[in-house]
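Trainee: Since the structure of chain A is already known, use the hints to place chains W, L and P with the ligands on it.
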Amino acid sequence: MSNDTITVDQLTDWLTRFRDLVTEQVSYLTELDSAIGDADHGSNMTRGMGAVVEKIHASPAGTVDELFKGAGMTLVTSVGGASGPLYGTFFLRIGTTAGPRTSLDAPGLAAALRAGLGGVVARGKAEAGDKTMFDVLSPALAAFDAAVDVSSDLSTAAHAAYFAAQTGRDATRALLARKGRASYLGERSIGHIDPGAASTALLFQALVETLGEE
Amino acid sequence: MSNDTITVDQLTDWLTRFRDLVTEQVSYLTELDSAIGDADHGSNMTRGMGAVVEKIHASPAGTVDELFKGAGMTLVTSVGGASGPLYGTFFLRIGTTAGPRTSLDAPGLAAALRAGLGGVVARGKAEAGDKTMFDVLSPALAAFDAAVDVSSDLSTAAHAAYFAAQTGRDATRALLARKGRASYLGERSIGHIDPGAASTALLFQALVETLGEE
Amino acid sequence: MKVNQEVPDMKKLINFPETVLADSLAGVAAAHPGLRVDHANRIIYRATPKAAGKVALLSGGGTGHEPLHGGFVGEGMLDAACAGAIFTSPTPDQMLEATKVVDRGAGVLHIVKNYTGDVMNFEIGAELAAAETGITVAVVVVNDDVAVEDSSFTAGRRGVGTTVLLEKIVGAAAEEGRDLEAVAAVARQVNESGRSMGVALTSCTVPSAGKPTFELPEDEMEIGVGIHGEPGRRRVPLAGAAEVARQLVEPILADMDFTGAPTIVMLNGLGGTPLIELYVMYAEVAKLLDAAGITVARSLVGNYITALDMAGCSVTVLRADEDLIRLWDAPVSTTGMRWGI
Amino acid sequence: MKVNQEVPDMKKLINFPETVLADSLAGVAAAHPGLRVDHANRIIYRATPKAAGKVALLSGGGTGHEPLHGGFVGEGMLDAACAGAIFTSPTPDQMLEATKVVDRGAGVLHIVKNYTGDVMNFEIGAELAAAETGITVAVVVVNDDVAVEDSSFTAGRRGVGTTVLLEKIVGAAAEEGRDLEAVAAVARQVNESGRSMGVALTSCTVPSAGKPTFELPEDEMEIGVGIHGEPGRRRVPLAGAAEVARQLVEPILADMDFTGAPTIVMLNGLGGTPLIELYVMYAEVAKLLDAAGITVARSLVGNYITALDMAGCSVTVLRADEDLIRLWDAPVSTTGMRWGI
Ligand SMILES: Nc1ncnc2c1ncn2[C@@H]1O[C@H](COP(=O)(O)OP(=O)(O)O)[C@@H](O)[C@H]1O
Ligand SMILES: Nc1ncnc2c1ncn2[C@@H]1O[C@H](COP(=O)(O)OP(=O)(O)O)[C@@H](O)[C@H]1O
Ligand SMILES: [Mg+2]
Ligand SMILES: [Mg+2]
Ligand SMILES: [Mg+2]
Ligand SMILES: [Mg+2]
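Protein sequence lines, in the order shown, are assigned to chains A, W, L and P.
In terms of my numbering, the first sequence opens at residue 360 and continues consecutively.
In terms of my numbering, the second sequence opens at residue 360 and continues consecutively.
In terms of my numbering, the third sequence opens at residue 62 and continues consecutively.
In terms of my numbering, the fourth sequence opens at residue 62 and continues consecutively.
Any given hint could be a false lead.
Said to hold, decoys possible - Derived pair list, reagent style SDA-like, types lysine to any residue, alpha-carbon separation capped at 20 Å:
| id | chain 1 | residue 1 | chain 2 | residue 2 |
| --- | --- | --- | --- | --- |
| 1 | W | K428 | L | E193 |
| 2 | L | K272 | P | P298 |
| 3 | P | K111 | L | G401 |
| 4 | A | K484 | P | T215 |
| 5 | L | K272 | P | L189 |
| 6 | L | K272 | W | Q384 |
| 7 | A | K414 | P | R307 |
| 8 | P | K272 | L | L299 |
| 9 | W | K414 | L | N102 |
| 10 | P | K272 | L | P298 |
| 11 | W | K428 | L | H100 |
| 12 | W | K484 | L | E188 |
| 13 | W | K484 | L | E210 |
| 14 | P | K272 | A | Q384 |
| 15 | W | K484 | L | N175 |
| 16 | L | K348 | P | P94 |
| 17 | W | K484 | L | S213 |
| 18 | L | K272 | P | D280 |
| 19 | W | K484 | L | A90 |
| 20 | P | K348 | L | L299 |
| 21 | L | K111 | P | G401 |
| 22 | P | K348 | L | H100 |
| 23 | A | K428 | P | E136 |
| 24 | P | K161 | A | T436 |
Hints are computed from structural coordinates only; laboratory data are not their basis.
Okay, chain A solo, but in the shape it has when bound (with noise of 0.2 Å):
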């Protein structure tokens, strides 16, 4: 199977995927927010990411742009809180970098992903190391577009996000909070790993899941 290009229902598989894997692991995700956070960040992706995958059975997308642009804007206006405007951002910059295509290749997705990394920091002005979902999407596309470098193998790109976003997640226990609610804990904060980083992990290994074997 050709992992060249990924097509919108195959994307629409991911987004699927992500809320699978958020609705699973919604304990997991609000026990780290009730460790540095205000124990809620698993019921905000899992409220955000079901509307979005409800909305899309309702009307399934036929391009990239609607798809993602549909998925933002349902997490802006569903989830509230800091991850809604954030991950709405970031889906929505995906969509209008990408277009209205029906597919995207390897270069195409490395593009969108970085554009919507440049909206969630426009809107969160987050910085490598200050402790957020920034320091698994930085990593995470680097690692992508290192891998498209060489390879126009999507599955291959995926892989290596995904082991960056988990290095990335599992470095955030080490960090000092600058943003985001565990910034009040100051010192305390460090030690647990950062909700919104895990939630992000998870959006990775949904692509790799998606995608299939290298």
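Mentor: Just chains W, L and P with the ligands now, with coordinates in the frame of chain A:
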């Protein structure tokens, strides 16, 4: 040592000893009140008898009526709750009945105690089996009277009263409360000793300990 | 009980169990210039007494039910409230003193919740007032709790939520200038027309006891509790708001007919339950009353008569009429209830 | 989470964790005819909009802080409040919709507590309002919590107690007819002049989480908590009220000079602490402020900005001036704060 009369000093010791006993047993009394009341009988009795003894120490009583009227008034004005007026009236009536004497013989104390019980009934309208302090006072005074009929020894009478008091106290366990807070529990009041019955048993224990061996 | 350092044994914002009442009265005095606190006698008065010739209202009871009663002292409601130790009736000398101070020449109504201790202490207070002063005292004993069977062989029903509505309505009647007999009649009418029922999800902790009055397993609740942390009538499995509402409203409606008249409904928190849950409960209660054909003319949702930190709530329904609704709407300015001024 | 029967997993008066917000809004609507609830958009409005030509005030935030913000909608205070999921900011479409509805032609002030989520969602809401309507929106972000270090490299300080005082004072300024710029200026002044600090004796339980956010041993408390059940700055041994007051007041006074001006002080309960303890705390706080030479002109003791069922309290001190005191005293008629009307 003759025990045919009890002096004001001994009566003062009785009240002091009662203060000591309710203070030692404060948790026990409150525990009983937690089960079927509002968890304050221990602190009510301790506060009240503490005030009584403090007042006696500040200005020792010369006569029996002075002693018990003072004690009664102090209880009425320092306890509140149900036990304040009930114990207060009990002591007040003892005082008025005993009059300005400096000691009481057995029949004299018996009469005073009986008047005290009359005051409790006048205030609280309790009947036998209602699961209140009446169910200790009433059999205890009956035993006291019976002992006084055959002997002038106060210590004997006190022992008889205390024995009946303990029996009366323990018998409240099986009763369904019809007066006081425990009555709100209906059937659930069964199986617990009444806190006021327990403190009244301590009153007779204090009398026994004050008078010494028969 | 640690007496040498100010470290409480329990999760309470207090200094020592013995000083809770005095310390809280100090807070009331510091926070509310509209109130005057007699610390020695533990009485809360209006800073500005009502006009001469008007009936005065005196209530009081054990501490731990805040805002009741001190929070209901002020224009349009009580003239004074006597505070007892926690869950313990105040003493007769307090009632005597307060009666003397609040009387404006038209007599004083004592509002007493039906607990043996409260009834006896107020009774002695009234006896002392009769013996020592020329002040006419009338008494109303509130006994509205349907969880307890009404019987002349027992202590009877407890006074709970209706007390709040009564103090507001009767306060307005006194403020209007009605005489003592008329004011007492309104008080009796309100008492006879109000019914309450409560539920506890947790016990409360009496500071001097230092631990919860009863232990309630995680999956159970007590139905038919009062406001003193005493266990309720029965222990039942924990249920959702709709079912809890049903268990509270049904015995109230079974006890009295509330149809065909405007009602005033209070959804009251017992101290440890946050407002959001009280609103969830009120929604369910309103649905049940509506389904039973009962018209809710006025409502109150919040913590009005509490049991320290107990989690739970109570429902009170009062069968009103035009006069009572008008009195309810009259201006009131207390720390616990305020509108119109 | 049991979804087939209405049996909660925790000691809360709710139906299902998912329906708490909707159910509580139903209760608000049923209890308060003076409010209009848009259930679809989860917005609480005044039933009677203010006069045309006056600036409108919009706030909102996660649910679980009741009475904030919905309880502060009404004459003299907010025009509308957007309700988010529990502890979760509302969404921009809610802010857009509410902004459109409340605008009376003089613009709308958005009152936002400084949390990343709230700031971003209100920001998008304002962007949408700018793009889709001609309504002028001004924004004030409240960040008064001295428990958090102020820094431009972090999310900065949280918005807590000062929000309550701000909504009251700025509401009065809007009601007076001041224009948007002037109203926003008052809002900024209040924010810059208010400081808060909180303590938790217990965690709260988020319904969807089903268990306490953190575990606190019986002999410890969390100092420097916010209003979302997040752990505080440090865990310290449980202390008596006097010592707790010191730990709250000292950092506030260290952060700003409150002498030489009238202050408004709030002793706020976090939801699970009964009023009696708040008064005990207020007495201690008043003593400390007095000793520091600070004049308390007005005070507020009660549950105003809460964290579900958390036991604990917070202190807010606002350095006021004649204008702010006058605005504070102006009539207000909301379910959470009412006087003068
Ligand atoms: N400024 C920011 N930039 C990027 N990510 C952020 C920022 N602030 C918070 N986040 C992310 O959002 C996550 C929290 O999301 P969530 O719990 O759903 O929202 P909230 O904090 O409003 O409760 C954090 O774990 C973090 O990864
Ligand atoms: N009507 C009554 N007659 C006699 N004793 C009573 C009556 N009501 C209550 N008591 C006694 O008072 C005791 C409770 O006292 P206490 O706990 O101090 O007061 P309260 O019930 O007001 O909290 C009961 O255990 C009972 O023995
Ligand atoms: Mg969160
Ligand atoms: Mg008791
Ligand atoms: Mg008591
Ligand atoms: Mg949140």
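Trainee: A separate judgement is required for each hint: does it hold in the structure or not?
Mentor: Hint-by-hint comparison with the structure:
1. K428(W) to E193(L): 18 Å, holds
2. K272(L) to P298(P): The given pair, whose Cα atoms are some 19 Å apart, holds under the 20 Å limit.
3. K111(P) to G401(L): Holds, at about 19 Å.
4. K484(A) to T215(P): Answer holds: K484(A) to T215(P) is near 10 Å, not above 20 Å.
5. K272(L) to L189(P): 54 Å, violated
6. K272(L) to Q384(W): The given pair, whose Cα atoms are some 16 Å apart, holds under the 20 Å limit.
7. K414(A) to R307(P): With a Cα-Cα distance of about 53 Å, the restraint between K414(A) and R307(P) is violated, given a limit of 20 Å.
8. K272(P) to L299(L): 16 Å, holds
9. K414(W) to N102(L): 18 Å, holds
10. K272(P) to P298(L): 19 Å, holds
11. K428(W) to H100(L): 26 Å, violated
12. K484(W) to E188(L): 17 Å, holds
13. K484(W) to E210(L): 18 Å, holds
14. K272(P) to Q384(A): 16 Å, holds
15. K484(W) to N175(L): Distance ~15 Å between K484(W) and N175(L) Cα, so the pair holds.
16. K348(L) to P94(P): Holds. K348(L) to P94(P) sits at ~16 Å (cutoff 20 Å).
17. K484(W) to S213(L): Status holds; Cα separation ~11 Å.
18. K272(L) to D280(P): 14 Å, holds
19. K484(W) to A90(L): Roughly 39 Å between the alpha carbons, so the hint for K484(W) and A90(L) is violated.
20. K348(P) to L299(L): Between K348(P) and L299(L) the Cα gap is close to 43 Å, so the pair fails against 20 Å, i.e. violated.
21. K111(L) to G401(P): At roughly 19 Å apart (the allowed maximum being 20 Å), G401(P) and K111(L) satisfy the hint.
22. K348(P) to H100(L): 17 Å, holds
23. K428(A) to E136(P): The given pair, whose Cα atoms are some 40 Å apart, is violated under the 20 Å limit.
24. K161(P) to T436(A): Holds: K161(P) and T436(A) sit about 17 Å apart, inside 20 Å.
Violated hints for the displayed structure, listed by number in ascending order: 5, 7, 11, 19, 20 and 23.
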